[in-house]
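S.K.: Sequences listed follow chains A and B, in order.
Converting from the first sequence to this note's numbering requires adding 7 to each position, the first position being numbered 1.
Converting from the second sequence to this note's numbering requires adding 1 to each position, the first position being numbered 1.
Please note that a few of the clues may not be correct.
Unchecked claim - Far from chain A by the CB rule (all over 12 Å, computed), these chain B residues:
1. Glu6
2. Ile9
3. Glu17
4. Ser59
5. Val113
6. Pro115
7. Asp188
8. Lys225
9. Pro443
10. Lys552
11. Gly647
12. Glu668
13. Asp674
Unchecked claim - Restraint ranges, calculated between C-beta atoms of paired labels, are given here:
14. B:Arg414 / A:Pro227: 48 to 54 Å
15. A:Thr181 / B:Gln95: 52 to 58 Å
16. A:Pro282 / B:Leu117: 49 to 55 Å
Simulated from the structure, these hints should not be mistaken for laboratory data.
Predicted, not measured: the structure shown is a model, and the values here were computed from it.
Where is the CB? At the ideal position from N, CA and C, for every residue including glycine.
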Amino acid sequence: MNRKYYDSIIIGAGSVGAPLAISLAEKGISVLCIDRASSAGQGNNKCAIGGIRATHSEPAKVALGLRSLEIFRTWQERYGDDISWYQGGYTYVAYDEGTMNLFRGNVPLQQKAGLNIKLIDAPEMENLVPGINPEGLLGGTWSPFDGSSSPMQSCYAFGRRAEELGAEFAFNETVTGLKIYKNRIVTVTTDRDSYSCGSVVNCAGSFAAGVGEMAGIELPVFPESHEAGVTEPVERLFDPMVVDIRKAPGSANYYFYQHDTGQVVFCITPDPPIPGTDTSETSEFLPLVAPRMTGLYPRLANLKVRRLWRGIYPMTPDGAPILDRCGPDNHYVAVGMCGQGFMLGPGIGEVMARFLTDEVNETDRLVLSELRLDRQFTSEEALK
Amino acid sequence: MSSQEERITRHPVLEEHGIRKVEFTFNGKPAVGVEGEAASSALFAMGIHVFGHHHTDSSAQGMFCANGQCSQCTLLIDGIPRKSCIVPLEAGMQIESLEGLPELRDLPGPDVRPPLRTDTGVLILGGGPSGMAAAIELGKKGIDTIIVDDKDRLGGKLVLQTHKFFGSVADCHAGTRGIHIALLLADEIEKLESVDVWLDSIVLGVFSDGTVGIRCVDGYRIVKPEYLLIATGAREKSLPFPGSTLPGAYGAGAFQTLVNRDLVRCAERIFIVGGGNVGLIAAYHALQAGMTVVGLAEALPVCGGYKVHADKIKRLGVPVFTRHTVLAAHGSEKVEAVTIAEVDDSFTPLPGTEKSWKVDTVLVAVGLNPVDEFHRKASQFGMKTMMAGDAEEIAEASAAMFSGKIQGLQIARELGVEDISIPSDLHEKAEVLKSPGGELFPYDPPDIREGVFPVLHCMQEIPCNPCMTCCPKDLIDTSGHPIMGLPEFHGSCVGCEKCVAVCPGLAVTLVDFRESSERPLVTIPFELGEWLLEKGSEVTVTGWEGSVLGKAVIAGWKKAAGFPHTTLLKLETPADIACRTAGILIQDPEEIAPLEEPLEVPLPDDAIICRCERVSAGEIRRHIRSGIRDMNHLKAITRAGFGACGGKTCAALIERICSEEGIGGREITDFTDRPLFAETELGWFSGADDE
Chain A
8 MNRKYYDSII
18 IGAGSVGAPL
28 AISLAEKGIS
38 VLCIDRASSA
48 GQGNNKCAIG
58 GIRATHSEPA
68 KVALGLRSLE
78 IFRTWQERYG
88 DDISWYQGGY
98 TYVAYDEGTM
108 NLFRGNVPLQ
118 QKAGLNIKLI
128 DAPEMENLVP
138 GINPEGLLGG
148 TWSPFDGSSS
158 PMQSCYAFGR
168 RAEELGAEFA
178 FNETVTGLKI
188 YKNRIVTVTT
198 DRDSYSCGSV
208 VNCAGSFAAG
218 VGEMAGIELP
228 VFPESHEAGV
238 TEPVERLFDP
248 MVVDIRKAPG
258 SANYYFYQHD
268 TGQVVFCITP
278 DPPIPGTDTS
288 ETSEFLPLVA
298 PRMTGLYPRL
308 ANLKVRRLWR
318 GIYPMTPDGA
328 PILDRCGPDN
338 HYVAVGMCGQ
348 GFMLGPGIGE
358 VMARFLTDEV
368 NETDRLVLSE
378 LRLDRQFTSE
388 EALK
Chain B
2 MSSQEERITR
12 HPVLEEHGIR
22 KVEFTFNGKP
32 AVGVEGEAAS
42 SALFAMGIHV
52 FGHHHTDSSA
62 QGMFCANGQC
72 SQCTLLIDGI
82 PRKSCIVPLE
92 AGMQIESLEG
102 LPELRDLPGP
112 DVRPPLRTDT
122 GVLILGGGPS
132 GMAAAIELGK
142 KGIDTIIVDD
152 KDRLGGKLVL
162 QTHKFFGSVA
172 DCHAGTRGIH
182 IALLLADEIE
192 KLESVDVWLD
202 SIVLGVFSDG
212 TVGIRCVDGY
222 RIVKPEYLLI
232 ATGAREKSLP
242 FPGSTLPGAY
252 GAGAFQTLVN
262 RDLVRCAERI
272 FIVGGGNVGL
282 IAAYHALQAG
292 MTVVGLAEAL
302 PVCGGYKVHA
312 DKIKRLGVPV
322 FTRHTVLAAH
332 GSEKVEAVTI
342 AEVDDSFTPL
352 PGTEKSWKVD
362 TVLVAVGLNP
372 VDEFHRKASQ
382 FGMKTMMAGD
392 AEEIAEASAA
402 MFSGKIQGLQ
412 IARELGVEDI
422 SIPSDLHEKA
432 EVLKSPGGEL
442 FPYDPPDIRE
452 GVFPVLHCMQ
462 EIPCNPCMTC
472 CPKDLIDTSG
482 HPIMGLPEFH
492 GSCVGCEKCV
502 AVCPGLAVTL
512 VDFRESSERP
522 LVTIPFELGE
532 WLLEKGSEVT
542 VTGWEGSVLG
552 KAVIAGWKKA
562 AGFPHTTLLK
572 LETPADIACR
582 TAGILIQDPE
592 EIAPLEEPLE
602 VPLPDDAIIC
612 RCERVSAGEI
622 RRHIRSGIRD
632 MNHLKAITRA
642 GFGACGGKTC
652 AALIERICSE
662 EGIGGREITD
672 FTDRPLFAET
682 ELGWFSGADD
692 E
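Given only the sequences and the hints, what does the whole structure look like? Please build it.
M.R.: Shown next as structure tokens:
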């Protein structure tokens, strides 16, 4: 059988796979990106709400976030596509001393890591988010360089760019097996075809563990679902992504921002988490999130909810991605994005491309070391 | 703003509701409306058709669905952006047009209690003919049932139907007007203890835990039914043509809402696109409301609606253009004119055949699509669910009542109620009532010049037989089939005129030579208002399909006893045309003549497909030609389907473009269905306890 050969086959054309296809194709590598959906970013990428930040608390994610931010920010001027980038910043609000103290401890560390973030007091917060409930407001953090983009538009643009560079996509195709010979994956089999390859990158998001099994390795990636919603558009109310990390019955944090189109996009983290890959909409979500949002920002009570959806966070035990080469010699993983695949994807794509071509730099080494598969998975992310 | 209110003050069938006039303001200027009517209708009554301008391209926005589904009628009402077609007018309201995106002001949200969870036996979505019929069956068995409707009264589209129903008297109130059937059924439901009626309640979504989220008057409710019956009816199909999104271009159903429910004179001169029953009836309703219908276009060689519906408007002087399509609605801020053209066998317009008219309204009546998204969701989530009425299959309301009745019995049986027998002929009758117009027979009226006898100008097999059942002498028989057969008269008529009064198609006349063999009297049914008649005056009479037969003199008229709002008009006609006389001409052909020169028409690809996000046919076609087959992908690029209506309008139109491009349904990945199915303020989900 005369199979088509690709230097690299990427499994998953989502937030990570699509930008990785660009980075590999830019290096002149022949790439095939396989996805079960019918176009790029139609899996859980499009369920992301679109927030993009570099203001994480772990060095690897800071580095990946900074690079990703730059790619999103400059995309339109470099390639012309409108991806609805909006540099509105991120703000974490504090209504109690415990939360404020957490920020007071974190912010100096983040500043030391080179991030543009500062503590702000209540009047500054009211200035930043006009209309925020002032009752009990203590202040919070403010990172003006963070922002947002449309996951659908972005991933579409990434896919198109990759194609322009010569990458190929196989849509509506599900990978069913990996043929391993002498500890190398030689063939990727799908429900429609099979392809020979030089290397394979698992970017399969919530299906990562299953693809890992095909390669004979166990990946500690387990899906959890989160629900999100979007409203009708209105004139700009406020700039930043507003994050409230207080816990309430049924939920941990929740956050919302106003998209470039004027629509408010919102999401909540259920507590306890909801494991599994079920993406059907629940009746609990709106009654859970609406009072919290309208409590924090009262005039949202008159804003109409347009659509709800539920997406999957491929979680890892410590809330950070896994970037590594493992199992068969030519098998790479960029998995376990923990709901941050969209905001970290472009940066990860570049690092992984250099990893595949043995061109890693100093920062890459640091990132790959921190996010390797055989780490302890003990740390807990301070600011999700 | 018009100085005089544009309201229908006299109507042959509808009576003015008990009205209380209230004052409000529009863009700061004082205005008057009727308390409780839709705010949008109040504006129409003030002559305001432009409700604002779109934020993307400043195009004028106005009424489209009049049904709470699309958000195009959004206005700032007391500072809050709201869908004006579902906001009841209150005294002192400050209404502003929506120019671009609204500003979200710092105002209190809806005053509601916290979300409530409720269980029930059966939840029926939709209080139209099928939902009501099902509720009656379930109520009779004592099953806990909640019937939900987004309007302020039960009836669904029955409340817009001023015409008499087809079918049979025994099974579905044939010969009675839809508006009256709605009241009959609602009365019956009120007597049933186990049936709860939730009005003004909008279904927002069906969720994975087998619940249904409903925005009720006092707050949000999450209902978990044992059985879910979807009786949500249909939504109107749209047709894209340049100008199709201008204020003044909307669906025939929306028109009937404005005219028949709210008694608003929303138009003066109308053109109708589509010759199905909905379009034909809309033309008739427009004439009843005193409006001018300059024409009706149907792309097929014959109208798809019942022939009697087409004929009755032709007799009144509405030109029906078969094998014609609309090319454009013209105007900058609202519809000012329309252009149509003849089409060939492949529906391509033939150059040189264009005709234009000055009109203020273009009604689109090109068919209905089932509202089946709730059913898709409920099935996906494994709920026990069924559909009834138009949601299941588009047909007449008489058929919907039947299907509701059957589904109601079926559900009762599935819920374990014993002794439920579903009569075997029910299904059969339901199927018959769903029949479209059948075979046409040659028109051959009698040429008798003595005595008294009815003439049946009914030559198409349709499911209808009240003429047979009302004849006190049993002289009318529907040949061959109890309901589908053509009616035939044999015997000695007593001249009671009941068959004239009852016929839903207005296709029966009574010819009476007893007084005079030279100038016989012909009785015709007349439903356009007695104020149009003048005793002793000469009128032009028309034959069954509208051809002018000659002149006649109005001898008099009377109300038909037992048939509300039906006038029996007596014409003194020449003997030779008496048997063929079927109507009188109301519209002056000169007044409805097209312009001498047709207007220039923009390119078809200028038509807007996604009216929420203003995406054109050309743009969508370009992407489809570039290889896009995933509607979600198309949505990501163009935003088509991202808007307020959730793809309810554009999805079918995009499918149409795909098929024009030779791309079949199998190659296409559809939009993903997501709640909410009607946009709703966050405040509805965040009600707080009073304490």
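S.K.: For every hint, state whether the structure bears it out.
M.R.: Taking the hints in turn, this is what the structure says about them:
1. Glu6: holds, 30 Å
2. Ile9: holds, 32 Å
3. Glu17: The claim stands: Glu17 of chain B keeps its Cβ more than 12 Å from every Cβ of chain A (closest is about 34 Å).
4. Ser59: Holds, because the least Cβ-Cβ distance between Ser59 of chain B and chain A comes to about 15 Å, which exceeds 12 Å.
5. Val113: The claim is violated: Val113 of chain B sits with its nearest Cβ about 10 Å from chain A, within 12 Å.
6. Pro115: At roughly 8 Å from the nearest Cβ of chain A, Pro115 of chain B sits no farther out than 12 Å, so the non-interface label is violated.
7. Asp188: Label holds. Min Cβ-Cβ 34 Å, cutoff 12 Å.
8. Lys225: Non-interface label fails for Lys225 of chain B: nearest chain A Cβ at 9 Å, not farther than 12 Å.
9. Pro443: holds, 54 Å
10. Lys552: holds, 59 Å
11. Gly647: violated, 7 Å
12. Glu668: Since the minimum Cβ distance to chain A is about 10 Å, Glu668 of chain B lies within 12 Å and the statement is violated.
13. Asp674: violated, 10 Å
14. B:Arg414 / A:Pro227: 48 to 54 Å: At roughly 51 Å between Cβ atoms, Pro227 of chain A and Arg414 of chain B fall inside 48 to 54 Å, so the hint holds.
15. A:Thr181 / B:Gln95: 52 to 58 Å: holds, 56 Å
16. A:Pro282 / B:Leu117: 49 to 55 Å: violated, 29 Å
Hint compliance for this structure: hints 5, 6, 8, 11, 12, 13, 16 are broken, all remaining hints hold.
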